[in-house]
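S.K.: Sequence:
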Amino acid sequence: MSSGLKRIIFASFIIATLFCSAFAAHAAEKITVASVSWTGVTIKSEIAVSVLESLGYESENKVFSVPITYTALASGDADVFFGNWMPSMANIADKFFKTGKVIKYVANMPGAKYTLATPTFCAKAGLKDFSDIAKFGDKLDWKIYGIEPGNDGNMIIQDMIDKDMFGLGKFKLVASSEVAMLAQAQAYAKNDKWIVFLGWAPHSMNERIDMTYLTGSTDQTFGGNNGTATVYTNIRKGLEQDNPNVAKLFKNMTFPVSMMNQIMTSVHNDKTIGLSKAGLKWLKANPATYENWLKGVTTADGKPATASFKAYLDSI
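Everything in the sequence shown is counted per my numbering, starting at 861 for the first residue and increasing by one.
Source of the hints: derived by calculation from the structure; they are not laboratory data.
There may be inaccurate statements among the hints.
[Stated by the list, open to error] Taking lysine-lysine pairs in the DSBU-like style, the calculated list, with each CA pair at most 35 Å apart, reads:
(1) K1108 x K1155
(2) K1097 x K922
(3) K1050 x K1141
(4) K988 x K964
(5) K973 x K1170
(6) K1097 x K955
(7) K1097 x K1131
(8) K1097 x K1108
(9) K1137 x K1170
(10) K1144 x K1155
(11) K1163 x K890
(12) K973 x K1032
(13) K1131 x K890
(14) K1050 x K1023
(15) K1131 x K1111
(16) K1003 x K984
(17) K988 x K973
(18) K961 x K922
(19) K1108 x K1144
(20) K973 x K1111
(21) K1111 x K1097
Please construct the entire structure, taking both the sequences and the accompanying hints into account.
M.R.: What follows is the structure, encoded as structure tokens:
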């Protein structure tokens, strides 16, 4: 082989190596947001994707069930999850926190609510507490309505039934989806039909349905404080080391209940706007929120983050 040909082959090898290294570095910049099909978590996830893309990161929002979300975080197939409702998710999430494969990280929304609810007319008639549900079993058709299969709230309800807690052994869990369950709850409330369903705040259901949250939750169900919850941002092990800039952004991102209620209500009032656009529109009107999120954060290439995201908002 001639020396000239050897030089060409060697140069080609170096170029190929550099290209592969550059590609690997670029691929490492992709951030995967794990989400579940709940309105609030979807809003947070879509906002996060938009912020990341404005800063020069490739990002996507992947929708999973709650159990698969934690498997994805633990295996590195997802980087962040904004919907860890505690204490109701403890039975799923705690084992991943204990192994260290998923980091609980930071509370992004304190003062939330997650427990069983009923139309207010039912509460006025005596259905006020978990211990009251079985008394009205016939009126409720011995059913409690949850959301998608595998959801932590459904699992809590099923456990209550299986263990005959509060005398619920005769009840059946009806699993469907957030949209289907809330449509049914709203229709039942308007038509004076009895129903017990999984409710939470923030959510526009609190404006759309004349509803009352039941008391009586315990540490074995939705938590001892009548379903009062804190929502956490979870990240995969190693994200802070692999991408401290993105981890800093996730640590800064908090979502007050009032913010989420306003975004959800705007979506309910304008069906054409969509969750992502509604979230960005709210941020555009409330710049102090994203300015706090972006403190100490840069673009992927080290430039000021706030100016980049503001330009992104101005372009949409």
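S.K.: Indicate, hint by hint, whether the structure satisfies it.
M.R.: Hints, verified against the model:
1. With a C-alpha separation of about 9 Å, the suggested pair K1108 and K1155 falls inside the 35 Å cut-off, and the hint holds.
2. This hinted pair checks out: K1097 and K922 have alpha carbons roughly 18 Å apart, not beyond 35 Å.
3. For the given pair, K1050 sits about 32 Å from K1141 by alpha-carbon distance, which is consistent with the 35 Å threshold.
4. A hinted pair counts as satisfied when its Cα atoms are at most 35 Å apart, and K988 with K964 qualifies at roughly 33 Å.
5. Taking the CA atoms of K973 and K1170, the gap is about 32 Å. The hint holds against a cut of 35 Å.
6. Of the pairs offered as hints, the one joining K1097 and K955 holds, with about 14 Å between alpha carbons and a cut-off of 35 Å not exceeded.
7. With a CA separation close to 38 Å, the supplied pair K1097 and K1131 exceeds the 35 Å bound.
8. Between K1097 and K1108 the CA atoms are separated by roughly 14 Å; this keeps the pair inside 35 Å, and the hint holds.
9. For the proposed pair K1137 and K1170, the alpha carbon gap of about 15 Å is at most 35 Å, so the pair holds.
10. Only pairs whose Cα atoms come within 35 Å are accepted, and K1144 paired with K1155 is accepted, the gap being roughly 17 Å.
11. Restraint check: the Cα-Cα separation between K1163 and K890 comes to about 18 Å, which is no more than 35 Å; the hinted pair holds.
12. Taking the CA atoms of K973 and K1032, the gap is near 23 Å; set against the 35 Å cutoff, the hint holds.
13. Our distance criterion of 35 Å between C-alpha atoms is met by K1131 and K890, whose separation comes to about 31 Å.
14. At most 35 Å may separate the alpha-carbon atoms for a hinted pair to count; K1050 and K1023 meet this at roughly 32 Å.
15. This hinted pair checks out: K1131 and K1111 have alpha carbons roughly 31 Å apart, not beyond 35 Å.
16. Restraint check for K1003 and K984: the C-alpha separation of about 20 Å stays at or below 35 Å, so the hint holds.
17. For the proposed pair K988 and K973, the alpha carbon gap of about 16 Å is at most 35 Å, so the pair holds.
18. For the hint pairing K961 with K922, the CA-to-CA distance comes to about 19 Å; that is within 35 Å, so the pair holds.
19. A hinted pair counts as satisfied when its Cα atoms are at most 35 Å apart, and K1108 with K1144 qualifies at roughly 21 Å.
20. Of the pairs offered as hints, the one joining K973 and K1111 holds, with about 22 Å between alpha carbons and a cut-off of 35 Å not exceeded.
21. The hinted pair formed by K1111 and K1097 meets the criterion: a straight-line CA distance of about 14 Å does not exceed 35 Å.
The structure fails to meet hint 7 from the earlier list, while all remaining hints are met.
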